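As given, the protein sequences belong to chains A and B, one line each in that order.
In short: position in the first sequence from 1, add 188, done, that's the working numbering.
In short: position in the second sequence from 1, add 3, done, that's the working numbering.
One thing to keep in mind: the hints can contain errors.
As a list, the in silico EDC-like pairs of lysine to aspartate or glutamate whose alpha-carbon atoms are at most 20 Å apart [unchecked claim]:
| id | chain 1 | residue 1 | chain 2 | residue 2 |
| --- | --- | --- | --- | --- |
| 1 | B | Lys651 | A | Glu728 |
| 2 | A | Lys779 | A | Asp736 |
| 3 | A | Lys657 | B | Asp446 |
Restraint ranges, calculated between C-beta atoms of paired labels, are given here [what the hints assert, rightly or not]:
| id | chain 1 | residue 1 | chain 2 | residue 2 | range |
| --- | --- | --- | --- | --- | --- |
| 4 | A | Ser738 | B | Asp449 | 31 to 37 Å |
| 5 | B | Lys437 | A | Arg686 | 58 to 64 Å |
| 6 | B | Pro478 | A | Pro714 | 37 to 43 Å |
| 7 | A | Glu775 | B | Ala624 | 23 to 29 Å |
| 8 | A | Glu720 | B | Lys437 | 39 to 45 Å |
| 9 | B | Cys247 | A | Asp586 | 41 to 47 Å |
| 10 | A | Asp735 | B | Ala722 | 34 to 40 Å |
| 11 | B | Lys437 | A | Pro714 | 34 to 40 Å |
| 12 | A | Ser689 | B | Asp449 | 55 to 61 Å |
| 13 | A | Ser742 | B | Arg207 | 56 to 62 Å |
| 14 | A | Glu659 | B | Arg453 | 23 to 29 Å |
| 15 | B | Arg754 | A | Pro714 | 44 to 50 Å |
Bear in mind the hints are in silico, worked out from the structure with no lab data behind them.
Since the structure is predicted, the reported quantities are computational estimates derived from the model, not experimental observations.
Ideal Cβ placement from N, Cα and C applies to all residues, glycine included.
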Amino acid sequence: MVGPQYDLVGNPLGAVRATFERTAAAAAAESGGADPVAAFRGKDWGAGDLFRSFLFEQDGLAKVPVLDASNLGLIKPNTLVRYRGMVQDMLGNEYYIGAFKDGSTWRTNKYTDFSPFSMPHPCDSHLWERHLFHCVPAPGQNSWTLESSPGPDVRRMSNCLAPELREKRKRDGDDDAMDVSENGHKESSFCKKPKEGDVHVSSSSTEVAGTVPEMNGGDHHIPGSSFSCLVKIYDMPESQVKLNDVIEFIGVYTFDPELAAPSDNPDDIMLDLMEDVTVQLPPSKVPRLHCLVWGKLSSHDFISRPVVEPSPSLLKGIRQSLLSHLTLVLGNDELAAQCLLLHLLSRLRSRVDVVTVGRLSLNFTGFNKESASIFGNQLYSLIQKLVPYSQAIPLSIDYLNSATLQPRKDNKSGRLVTGVLQLPQGTHLTFDETLLQTGSLTCKGVENTMLLKNLMESQKVDYDFEYYKLEMTADVQLLTLSEGKSNILPSDLVVPFRPSSVPTVNAGAEETESWRWYLATVRSLPQSTEPETYQMIQDEMVSAMRDDRSLGCSELSRWLTMAQIMALSFGEKSLSLEHWHMVKELERLRKQRMQ
Amino acid sequence: MASNAGGSSPPSASSPDGRPSSPLPVTNSSPSQPTRRSGGRRRRGSASPYASSPSLGGFETPPHPGRRTPSGAGAGAARQQRQNWAGRFPPTPSTPMSTDDIPPSSEAGDDETDGGGGGGGVDATPVFVWGTNISVQDVNAAILRFLRHFRDPRDAGRVDPVMDEGKYMRAIHRILELEGGESLDVDAHDVFDHDPDLYSKMVRYPLEVLAIFDIVLMDLVARIEPLFEKHIQTRIYNLKSSICLRNLNPSDIEKMVSIKGMIIRCSSVIPELKEAVFRCLVCGFYSDPVMVDRGRVTEPHICQKEQCKATNSMTLVHNRCRFSDRQIIKLQETPDEIPEGGTPHTVSVLMHDKLVDAGKPGDRVEITGIYRAMSIRVGPTQRTVKSIFKTYIDCLHIKKTDKSRLHVEDTMDIDSSNASKSTEEDFLSDKVEKLKELSKLPDIYDRLTRSLAPNIWELDDVKRGLLCQLFGGNPLKLPSGASFRGDINILLVGDPGTSKSQLLQYMHKLSPRGIYTSGRGSSAVGLTAYVAKDPETGETVLESGALVLSDKGVCCIDEFDKMSDNARSMLHEVMEQQTVSIAKAGIIASLNARTSVLACANPTESRYNPRLSVIDNIHLAPTLLSRFDLIYLILDKADEQTDRRLAKHIVSLHFENPNLEELEVLDLQTLVSYISYARKYIQPQLSDEAAEELTRGYVEMRKRGNSPGSRKKVITATARQIESLIRLSEALARMRFSEVVEVQDVVEAFRLLEVAMQQSATDHATGTIDMDLIMTGISASERLRRENLVAATRNLIVEKMQLGGPSMRMTELLEELRKQSSMEIHLHELRGALGTLMTEGAVIIHGDNVKRV
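Looking at chain B on its own, in the form it has when it is part of the complex:
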């Protein structure tokens, strides 16, 4: 190791984490310092990027390029730096450097060494930063190379003479042109790509390297625009690895770290004195500005005016002093980093100048900064230093991150907008790789099914349907303006105690923007949107309801049957058009409500009556019912097989039985990321074969209704079903992260639909599937029955009664009819039949009497 500027070679014992703990590093006592310092020149108005105070000791103003002498310029600078940094731990009010330390000077940098003080100096011996193996010249040169020559790989394709300069040179020019920016944001990834060695040095010795960075930058600026007065500060961001707040430890001290967290508190902005101006009370002479050195200002003892020379007459003039802003914020771990049974850690972050007020309490941010520790002085008068240190982070860069709980989706949002490679993208691409791997598993569909509410036993097909809902189909918008929804709506009808509500709760947890409401407590406006008067201004404002709030999510409505009809009717629009239209109180608006509806209802008689149709079981309008893609009946059937499975499920919950619970299941977190990734990035298209299969299957379904020999025409599928089928198969393809909907997806979609239909749309009289049940509420067989009845009644009337003859009582008619036909006929049915005849003009009904006309 070459000779150190301070004259002593760094002791081998000093490890990076050992260094800061020494309250006053050795170099401080270097005898050559004062002279060198006084020989240096300081340019006016060079604001220190890092604040300093006696107790905090943020690091000091980096020395100015102008201070350099040709030989060993870097050395002087670096040593100066080093010495200034020693002020980080000013435990004692120890004698500051001599007062003549800072002779005012308004000159800008006078000379330059070759290549910005790089290794070009012929006679320069390598100079090292104390205690490290960093050669100042090397770093200097490396930084200059980086700034000058780094080109964004993304720009590589562009051939543009103007763009010929490197990314950061352009940035510097921009700063100079706009005169606004005072900082240069440097992406650490770029540094790494350009020079990994420089990156590692920067992370390990940020104080030293950043100071050199600033110097190089100022040199560069001074050469381009010698009159540029402002200090440009380097802000590093986007480190390659970010550390968890909890894992910060003493070895990270004085390193550059990047941590994520949530701001929980901000201090008020504290003005910090940078330059002090004094005025003589005797003669009114204003002194030259005095720089703050390590948090202290030295008041001139004697008035400098030749004629005055009064002693102890100087007083501080506040409004002539220069101040900089500083703020302390408290950063707390984000909830997802807190281990079970722990409480979040916090760390203080020191913000300077422009960074002040960059974040508000509650914001989630990623902070790049230098982790620092400072000793605690016991009292102002005591010399003793406690052995305890306080830690904080000197903030270099702050970046706001997502707020939502669905971090994967949202961080991706940010990334795609930034189009920048960031640490979290690295982290994410990692995650995405994992997800993709998962998606390649042959049993992913089953695995996902198992992972959905694993504690709810059975109901596999229902869970599959719910999965489809979570993944969703592709919304389609035709150029003509017509749009087809991609969201899948599901209705669960079932006996009480069949864990419908639990399923709902689970879905609510899983879906990106889930809203959970209970039908009984929901009003129409509460679900859609309502207009309210602002209590203060009196203006009418539109407030979103649950459906609007769950745009692009799942709206879970429990106790759907207990909802008022009025509220339910609001759902018509939402479920097909996916908008909520409002026209009242001067507001006419149409709000997006691209939401999937998951509703669950109890049968009207609390238990499902298998004798009645779905419509009769749940009092829902068929029009609304038809808008559900899948309707599941969850019935508590007396079935030994299901009972046994339930028993097995309960037992396995209670005993950790390896045989029973060895199913591989995705945890909730993974499942959520999987779904959100698929929803965002996978847009499957129907393949030709799949489309063919879809057509074939649909035709078959339709055919099933008109099987030869059967007189009645049963509708087993409608156009709505084909839309549902497309959505379902798209969702199924998404589950595999497949961009193409394949035949297998279509087949499975048919199966799912059929399972659901079998349960809900089966006409109990005939045992066949009848879409009319859902579309109109009356099955084809029922309709046929009614027609028969009407015919029978007509015959009877023609037979028994004379035209214009005496009337007959309805009960008599009923008796006769019952005698004739084998059918079970109720009075109300007869009344219905007679009603039909009356419209035909065949009979007249007077109360209970029927008269033929």
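In isolation and in its complexed conformation, chain A is listed as follows:
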């Protein structure tokens, strides 16, 4: 049921309104004049479906430009954009007049902040709600995630879109008038507003242009944690979105500089407390996005490889090439490479009470400052190329004493002030402990250490809410490079590092691509559960315990985790004795080194 064909990218709101008015009219006819719109609260009347079918069935996705810091000033307000970001803060709900009666027709304000039509006073209207999320580019997002997947397309897209936009901007007034006349409603106040807006846009665009190069300069991290976006989501229970989720939103980009105008009404002095947090996020800095369609992003979404059935033979091949590359990077230390592979493939599988299952944090010992700078850098740049989100943290006394690791709620401003440990699920963290010197930790340093330890042991981060702490679950892979066994960060697996050559390797783009795909695929492989396996594993454990009385619960548990990952790394869904023995052999070699 696609009515008058709107340019869904250029004028999404037109389409939204058209569908609304049509549905409302139909509903009104059906119900015979009773309130037809009440039923639309918290529901979609078909606009969402229209966009979904346009985006995913008619290939419209490629036409939608990606909103980022670089093109913020170039994209025209009230157009459809895509935006990828991490939910950094949840700002609660916002009530707005969702529908009102203009004469005899019902109109909607959904997906905008401003009513495009002046609302007659008084009028019948409905109050609807929407959820506000403050989103930022995912911290530690690696640059390849931008280039890959929709990346190249979009880059090209936005490049060719830009001149078009500029052209559009020249005949702006006409354009809007056209839009409006398309709707069949001439509304003078509406025509003027966007113009004012545009003035601001151009000014803010120069401002943005000034800062962009600088922001992009910072190596592989996504520029501009300063670039954030206020996303307004409709029609869904808030619980569907969790803090720190990385989500792609497709929606209407709006720009209403008037909203930012500080109210200097003296009567409102007392209202500062009533003021919602959006005031601190002026539209000129933080674009508003009214989300039509959204979806959570997994690491697969960053990989442009065509969908291939992950057959064990294929996976085995890639595993071999990745393992040999890891070995080279680690100076021909195969044991370390094996462990690193398992570590990279680990993920939090389940949480039973305080016990976390599936994590495998790794600690390479035997580094000193020099070797850490040689191997550590190589290793980190490789990890950067392999996983979507990664960060390297230099663990020095200075850092511990000064860094803000803990996210903290600022009750004054009502916002969550981010900390280093506010990370999307699946982030990889590399700690360089060789920088740690003797010294004294301040109060903050101790707190930071506790946070790190807690993250390591239970994969949880305490967020500071001033009057209490709120535990947020995390799924973070932790790799520590240290001289001896790290006591600050007690890892699951400690491997003395014994390189025999200096790494001088560079991987081809094609290979890297396949490795990324491999890591993402294996990490998401399901695990089968067969009763025979349990029995077999139990027998194995009992015999292992008989051989070595020092084996404890934690060690056996780790073995099992490693064996499971080992099996997955070959693309096998169920664990077999072979993998168990491989892990045991690995452990034997490791223990040998430990002595």
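Once you have looked at the hints, place chain B on chain A.
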């Protein structure tokens, strides 16, 4: 539907949530309003209960009883109200009502309709509040009935002529007498009990109904005490259902809601103009007070003094104006309402007058109020209204709730002190029902055991002991002053890596007031109490240590063995007398420390040496050791069976295997409530049979030591054990929510004690249980051995050495002894034996030489 006062029947389309969104309701344009208004009289000094400002538009001063005319009085009032409420959304600086709107009047109410303007009026046609089916007269009458006739069911038993009046009439009289109160707290539960219909109307249309409530109240007051000047405000509290802050949605707007949360911010107190007084700059004439109408004051253009008549000469005199207080606080969801992966929601709450500063940041409160929304004006000069609304709650009543994490226990505390039925009691009784149901399950004991640290594998008996500790026994205080503790102390001794610390951590989480310390880092004063000098005043102050802080809780001490002896000795008093006594620096005090101690220790040689006794394994003073009711040895035994169970446990953690993890387990929250409920409300008493069983079992235990044929006397139980047994069986009864300790509890208590004793007090030389091991550190068999040795040595000396003859070297003696007896004898043992002989005066020892005397 009868004709509406405004002349238009409410459109069917207006649903409650639709109404507020219209910036200016239709009634506002009712032409008859100005005349009616000007005809009305307003009494001086009637303070508006709900503040108003141009932007906030809290609702307006309710009209005064005095304004009524006999016919359709209610109608006028209600319409007036309605119109005033329309000012809630004053989006425009639209022309206010005419300036002659408020003619000053100092008269009090002049007349009354029958029954307080109820339905008694003969010619009154039913009048409805706009847009609703509320008949003003009906509501009026219902409220009056409620105020006059509601009697607290709890008062029913009392026959007291003075108490003959209803609960709220008494309250009103009290207010009048004291002249202090300006508000009447009305329990919504009472309203519901008296008239459910009125309750539902009040919740759905709080603005209208509360305004009528106030009017009725003022009428009532005016009739009792015509000179009473203050305005009494109705404060509703204790709604039947409270809503979660997160679940507030547009349909709750303009409804009365009750929400719980934590105050995170308070604004400063904002004075709000209520009545303005102007002075003429020309002649100094003071104008009559001008009421603030919807946040605006109209400055008189012309001086009203006949002689002056100067124009634009009036100026506001601040110190003659009347102000009221107002404050905005931010309320945040309580942590337990936040779903996983979410951040707390906040809402602004507007406080008036007396409510200002009723809560501080950090307080947990329950707020009853009206949920409101207001539109946001884009700019002061712009007419456009954003489509976005801001929401806030107009606070009617604020109640502080608990602060502790153990909400169940604490809310119950509050309830019992209030002795009032409250929403949370409803909620709780619900919860309590559930707990009681749980307690009736036949396998509750096992279920509780499984629920305790489910991730820690095995150690079922240890967990049972810990459960007993959590539930605790009954403390007993004899009239003579002697008291027996009810707390159960437990010591865990074990090999490293047997998840002792994890158990401790878990217990710490579970117990109502848990303190977790590590022995290595604890000093004696840190555990008990210490005296410190206040840096500012220089006064000595007493600071509580861990044990005092965990009064009525569990104090978990990890690494007990690594604690300094000094610190450990402090525990003696705590563990039996349950107090901490301090005498230093001018402070002599005895603090309560009714705490259960859960300690865990590693054996001295890091691994438990089965050859040595417990005492030798852990270097603890036997006196201290005996104060532990249960001592568990958690040993890492080479046992195929346990290994297999461990393996099974690990595997089940890793695979979600339905076969393995299908055990029903209480979640932590439920477990905590279960325990705290039991601790608070269940005080089991020993039944006669149980007491008999206890005696019988104890005697049997004692007997076991002196089995016929055995020469040595082994003490297998002491009086301390019988106390422990009573505590344990009481705790076990509590687990079932049983008020009576039954035989089964005693039997289980014996079993638990035995399991623990078997592990700790078994004399490894003989394999029997020997309490002496714990009491004195020496087992009976050991003592016997020593006696034998002494006898053998004496014989040897008598045999080999002459009285006063040459001395013998000790090593020679040892050689001889070894030849004679089959026993393995060490030099130090011999030295000990000789020492005994020397005290007897049989020998003299010079260094290594022994001489018979």
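Handout entry: C-beta pair A/Glu720, B/Lys437: status relative to the range 39 to 45 Å that was hinted
Key = holds, 40 Å
Practice task
Could you see if the CB distance from A/Glu659 to B/Arg453 stays within 23 to 29 Å?
Solution key: Holds - the Cβ-Cβ distance for A/Glu659 and B/Arg453, about 24 Å, lies within 23 to 29 Å.
Exercise for the section: For the range 44 to 50 Å, tell me whether the beta carbons of B/Arg754 and A/Pro714 fit it or not. Expected result: Holds, since B/Arg754 and A/Pro714 (Cβ atoms, about 45 Å apart) stay within the stated range.
Practice task
Decide if the proposed pair is consistent with the structure: A/Lys779 and A/Asp736, CA atoms, cutoff 20 Å inclusive.
Solution key: holds, 12 Å
Exercise for the section: Given the range 37 to 43 Å, decide if the beta-carbon distance of B/Pro478 to A/Pro714 lies inside it. Expected result: violated, 55 Å
Practice task
Look at the Cβ atoms of A/Ser738 and B/Asp449 and judge whether their distance stays inside 31 to 37 Å.
Solution key: holds, 32 Å
Handout entry: Consistency of beta-carbon spacing, A/Arg686 to B/Lys437, with hint 58 to 64 Å
Key = For A/Arg686 against B/Lys437, whose Cβ atoms are near 59 Å apart, the range 58 to 64 Å holds.
Handout entry: Cβ distance range 34 to 40 Å for A/Asp735 and B/Ala722, holds or violated
Key = violated, 48 Å
Problem - B/Ala624 and A/Glu775 - C-beta distance against the hinted 23 to 29 Å - result: violated, 43 Å
Practice task
Would you mind confirming whether the straight-line C-alpha gap from B/Lys651 to A/Glu728 stays at or under 20 Å?
Solution key: Distance ~11 Å between B/Lys651 and A/Glu728 Cα, so the pair holds.
Problem - Pairwise beta carbon distance, A/Ser689 to B/Asp449, judged against the given window 55 to 61 Å - result: Distance hint for A/Ser689, B/Asp449 holds at roughly 60 Å.
Practice task
May I ask you to test the hint 56 to 62 Å on the CB atoms belonging to A/Ser742 and B/Arg207?
Solution key: Between A/Ser742 and B/Arg207, where Cβ atoms are some 58 Å apart, the hint holds.
When held up to the earlier numbered hints, the structure conflicts with 3, 6, 7, 10 and fits the remainder.
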